[in-house]
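**Q** Here is what each chain is made of, one letter per residue.
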Amino acid sequence: MQNVKKWNQQKTADFLLRYAMYIILLAILVVVSIIRPNFLSIGNFLNILKQASTKGILALGCAGLIVLAGTDLSIGRVMGFSAAVTAALVQSITYKSRYFLGMTQDLPLIVPLLAAIFVAVTFSLINGFGVSKLKMHAFIITLGTQLIAFGANCLFIEAQPSGTAQALSTFNQTFKDMAAGNLLLGTAKIPLVVLYFLGLACIMWVVWNKTRLGKNMFAVGGNEEAARVSGVNVVRTIMLVYLIAGVLYGVAAFLEAARIQSVGANTGMGYETDAISACVIGGVSFTGGIGTIQGVVIGAVILQAINFSLNFIGVNPYYQYIIRGLIIVLAVAIDVRKYIVKK
Amino acid sequence: MEKERAPLLEMVDIDKHFPGVQALNKTRLTLRAGTVHSLMGENGAGKSTLMKCLFGIYSKDAGSIYMEGKPVVFSNPRHALDNGVAMVHQELNQVLRRNVMENVWLGRFPIKNGLVDTNKMYTQTKKIFEDLQMDIDPRAIIGNLSISRRQMIEIAKAVSYNTKVLVLDEPTSSLTENEVEHLFSIIRQLTGRGVGIIYISHKMDEILRISDDVTIMRDGAWIATREANSLTTPEIIRLMVNRDMTHRFPPKNNVPGEVALEVTNLSGKYQPTFHDVSFNVRKGEVLGVSGLVGSRRTELLNTIFGFYAKESGEIVLHGKLVDNSKPDMATRNGFSLLTEERRASGIFPQMNITFNSIIANVQNYGKFLLDSRKMNKDTDWVIEAINVKTPTKRTLIRSLSGGNQQKVIIGRWLLTTPEVLLLDEPTRGIDVGAKYEIYNLILKLAQEGKSIVMVSNEMPELIGICDRILVMSNGRMAGIVERGVHFDNIPGEQETILTLAAKYV
Numbered sequence: 000m001q002n003v004k005k006w007n008q009q010k011t012a013d014f015l016l017r018y019a020m021y022i023i024l025l026a027i028l029v030v031v032s033i034i035r036p037n038f039l040s041i042g043n044f045l046n047i048l049k050q051a052s053t054k055g056i057l058a059l060g061c062a063g064l065i066v067l068a069g070t071d072l073s074i075g076r077v078m079g080f081s082a083a084v085t086a087a088l089v090q091s092i093t094y095k096s097r098y099f100l101g102m103t104q105d106l107p108l109i110v111p112l113l114a115a116i117f118v119a120v121t122f123s124l125i126n127g128f129g130v131s132k133l134k135m136h137a138f139i140i141t142l143g144t145q146l147i148a149f150g151a152n153c154l155f156i157e158a159q160p161s162g163t164a165q166a167l168s169t170f171n172q173t174f175k176d177m178a179a180g181n182l183l184l185g186t187a188k189i190p191l192v193v194l195y196f197l198g199l200a201c202i203m204w205v206v207w208n209k210t211r212l213g214k215n216m217f218a219v220g221g222n223e224e225a226a227r228v229s230g231v232n233v234v235r236t237i238m239l240v241y242l243i244a245g246v247l248y249g250v251a252a253f254l255e256a257a258r259i260q261s262v263g264a265n266t267g268m269g270y271e272t273d274a275i276s277a278c279v280i281g282g283v284s285f286t287g288g289i290g291t292i293q294g295v296v297i298g299a300v301i302l303q304a305i306n307f308s309l310n311f312i313g314v315n316p317y318y319q320y321i322i323r324g325l326i327i328v329l330a331v332a333i334d335v336r337k338y339i340v341k342k
Numbered sequence: 000m001e002k003e004r005a006p007l008l009e010m011v012d013i014d015k016h017f018p019g020v021q022a023l024n025k026t027r028l029t030l031r032a033g034t035v036h037s038l039m040g041e042n043g044a045g046k047s048t049l050m051k052c053l054f055g056i057y058s059k060d061a062g063s064i065y066m067e068g069k070p071v072v073f074s075n076p077r078h079a080l081d082n083g084v085a086m087v088h089q090e091l092n093q094v095l096r097r098n099v100m101e102n103v104w105l106g107r108f109p110i111k112n113g114l115v116d117t118n119k120m121y122t123q124t125k126k127i128f129e130d131l132q133m134d135i136d137p138r139a140i141i142g143n144l145s146i147s148r149r150q151m152i153e154i155a156k157a158v159s160y161n162t163k164v165l166v167l168d169e170p171t172s173s174l175t176e177n178e179v180e181h182l183f184s185i186i187r188q189l190t191g192r193g194v195g196i197i198y199i200s201h202k203m204d205e206i207l208r209i210s211d212d213v214t215i216m217r218d219g220a221w222i223a224t225r226e227a228n229s230l231t232t233p234e235i236i237r238l239m240v241n242r243d244m245t246h247r248f249p250p251k252n253n254v255p256g257e258v259a260l261e262v263t264n265l266s267g268k269y270q271p272t273f274h275d276v277s278f279n280v281r282k283g284e285v286l287g288v289s290g291l292v293g294s295r296r297t298e299l300l301n302t303i304f305g306f307y308a309k310e311s312g313e314i315v316l317h318g319k320l321v322d323n324s325k326p327d328m329a330t331r332n333g334f335s336l337l338t339e340e341r342r343a344s345g346i347f348p349q350m351n352i353t354f355n356s357i358i359a360n361v362q363n364y365g366k367f368l369l370d371s372r373k374m375n376k377d378t379d380w381v382i383e384a385i386n387v388k389t390p391t392k393r394t395l396i397r398s399l400s401g402g403n404q405q406k407v408i409i410g411r412w413l414l415t416t417p418e419v420l421l422l423d424e425p426t427r428g429i430d431v432g433a434k435y436e437i438y439n440l441i442l443k444l445a446q447e448g449k450s451i452v453m454v455s456n457e458m459p460e461l462i463g464i465c466d467r468i469l470v471m472s473n474g475r476m477a478g479i480v481e482r483g484v485h486f487d488n489i490p491g492e493q494e495t496i497l498t499l500a501a502k503y504v
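Chains as they are written, first to last, in numbering that gives the first Met the number 0: chain A, 0 to 342; chain B, 0 to 504.
Honestly, I wouldn't trust all of these hints.
Unchecked claim - DSS-like cross-link-like pairs, simulated, lysine-lysine; straight-line CA separation at most 25 Å:
1) A:K342 - B:K251
2) B:K325 - A:K342
3) A:K337 - A:K10
4) B:K119 - B:K69
5) A:K337 - B:K309
6) B:K325 - A:K337
7) B:K163 - B:K69
As the list claims (entries may be wrong) - Distance windows between CB atoms, simulated:
8) B:Q21 - A:I202: 39 to 45 Å
9) A:L45 - B:D116: 37 to 43 Å
10) B:I358 - A:F44: 56 to 62 Å
11) B:T232 - A:L15: 43 to 49 Å
12) A:F117 - B:K388: 56 to 62 Å
13) A:F117 - B:Y269: 51 to 57 Å
14) A:L15 - B:L320: 55 to 61 Å
15) A:I321 - B:K268: 55 to 61 Å
16) B:K125 - A:K188: 36 to 42 Å
17) B:A308 - A:F117: 35 to 41 Å
Bear in mind the hints are in silico, worked out from the structure with no lab data behind them. Backbone N, C-alpha and C define an ideal beta-carbon position, used for all residues, glycine too.
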């Protein structure tokens, strides 16, 4: 009898621990909607999803790197640079101070998209090379590439023909429609970016769970030595995971340029914090080898819901930083507890 | 007929040279199909170097390798695996958070329509396990299984590559006697299918039982290959160490005095653990702790030392109740613990002998700045008093042999002048010569009046050096047997202990 009770207590404790982060964050949302009942509306809900989408796509990319027991500090700056390249290629041809004066007709959208992906993939592969071949810690190499990407972006923006370093803006209509448009579903306007995010999440779910690459990624992250002696090509696996991350960062940059409508040197600053937080809240563990795509998606949405609601009830932005910091600390503290074996 | 066929695997005149050392010197090994070939030698004799040359982890300087008469050179372990040569390492390399079948198929997941075929993975794993009479769920998370099951899985994995040559490196070091039987039955099944097995072990009794041939190496050189049934343990030891070692154990000359340590109704807190264990140890006594793997002997030692949490029970030293709720408190109370996993929780591999010697005693070298002269003096004492073979005290501990590492750790604890030494598998994975020295050291410490509690999987060594043996069974105390009454040249001594060990299973 007593054993059964003890066991039930143990089970409840495990459940609480597993979902602690979700419970706490949902509690915050409940409190917010009690303070301001008009918080609960479809418009706000879609807004949250929309804002969560680009960061969610970044999180989908960086989650793989965290599963490999790494991290990526360069996300924000790489995405900023990639978004600036996108912006320069989608500016309206009637805009006098556009970046490429020689551009006299709208480029097919695939061109800026591929350019954005190319930029992000380049940086990501440098990171991957540093981690897999040079055996650098991901923290250090991405700390370096973060600065490199920022410098390159500033140089790129400064090099515009108008001679100023103004933000790149005034984009052509097709780009805005494709990247930041809505799908009309009856009266509801579903932001396309949300659909892109969910579509990419589905693809990534398949990659993680149904492909050799995904299984190898978990193996390398969980026990690199075991993967190596089983004949897994560790360098190739790491490089591919970084490559995929780069592609996702490129797509995110493309979409983010359309969402914010104006790309400057500071675009993307701090996005790595949100992307990494989304992963951690979603249960991707920094110990490596643990995580799910569902978790990342939920993590990204919950995180954005918190940001949105804090704004909504008018919390001082400086307090918002503190709250977001606390959420990360709490998420990691809980995550660590999950995997402690009590002795 | 049989003699005409080319041997399954033949390694001829293998040389390997490292800066300053001739690691292998014209070493050879001939493995016949369907046989078990034991490879023996002290640590450092070159067994692992030879295997690393086989698997292409090292490139050999000279010599040739033939499989079924054809010359082969493997460039890496995977290449060897694809050619039917597999190895199960002593340290299991598994991805603990993933399930059994993913570990089995890692590196070669079956693919259907571009995606991993989970169903095929499941049915094939199931089939491999059934063929080997193993009852393991392919979907279980591998980290939740016992070491022995994980080891069986590694062997099954090797077999699933259509392995013709299987190298087992110390496969029984963490297995109980029953599990060893299961392993042996698997080995017999494999040899029945024509698989050749290279068996690396330090356990003489097992080797003589399971092997067909035995090759002995010493100092990187081939010494002899004999048929196992023409060999005896003393003969093997003589060939291995090149000195007569008819006595595996030093003479027992310690005299137990009054009771020093009393443990009463001790239970651990977190599962899996042990319940209600009571015993005492006298001054100058060596108390052995025997039992099957999973009988919670390690948990018992760790709980006495305060490394694992205690649920209830009392620990009394010299008539005084002591509070060992944290290891640092236990250390201050005169306890010391040699942990089971030397590499994981014993040595600081990247630090030198000095650091490794003084680290448990660091509070005694000055309040603010540490007195390096005293630390050096103590390190010198460790090296001399327990005969650590090391070039200098600045040598990194990881470059010493297992036996010498173990001696440094014992020395580390002796510097804290403990009264109770808790030794968990003190001779695991170290060679015969070094074992003898460790036994000697244990008995010498007992003679000096220390109380020693020693856990071991090797029954002969418990019988050889203990005064009494506490037998654990499935987390409970099954009984205590005494030297001269139940063991020490008493007929059926091993059976007595084994029966107790199985009491609550």
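**Q** Hint by hint, note whether the structure agrees.
**A** To see whether the hints hold, each was checked on the structure:
Only pairs whose Cα atoms come within 25 Å are accepted, and A:K342 paired with B:K251 is rejected, the gap being roughly 36 Å. Between B:K325 and A:K342 the alpha-carbon distance is near 12 Å, which keeps this suggested pair within the 25 Å criterion. A distance of roughly 13 Å separates the Cα atoms of A:K337 and A:K10; the hinted pair therefore holds under the 25 Å criterion. Simply put, B:K119 and B:K69 have alpha-carbon atoms about 34 Å apart, too far for the 25 Å limit, and the pair is violated.
Taking the CA atoms of A:K337 and B:K309, the gap is about 22 Å. The hint holds against a cut of 25 Å. Proximity of B:K325 to A:K337 is assessed by CA-CA distance (about 23 Å); at most 25 Å being required, the pair is judged to hold. Pair hint B:K163 plus B:K69 holds up; C-alpha atoms about 14 Å apart against a cutoff of 25 Å. Judged by the Cβ atoms, the range 39 to 45 Å given for B:Q21 and A:I202 is violated: they are separated by roughly 56 Å.
Distance hint check for A:L45 and B:D116: the Cβ-Cβ separation is about 39 Å, which falls inside the suggested range of 37 to 43 Å. Separated by about 57 Å at the C-beta atoms, B:I358 and A:F44 satisfy the suggested range of 56 to 62 Å. Restraint check, B:T232 to A:L15: a C-beta distance of roughly 57 Å breaks the suggested window 43 to 49 Å. A beta carbon spacing of about 59 Å between A:F117 and B:K388 agrees with the range 56 to 62 Å that was offered as a hint.
Our hint of 51 to 57 Å for A:F117 and B:Y269 holds, since their Cβ atoms are close to 53 Å apart. Between A:L15 and B:L320, the C-beta spacing of about 37 Å breaks the proposed range 55 to 61 Å. Between A:I321 and B:K268 the beta carbon distance is about 37 Å. The supplied range of 55 to 61 Å is therefore violated. Our hint of 36 to 42 Å for B:K125 and A:K188 is violated, since their Cβ atoms are close to 51 Å apart.
At about 56 Å, the CB distance of B:A308 to A:F117 disagrees with the hint of 35 to 41 Å.
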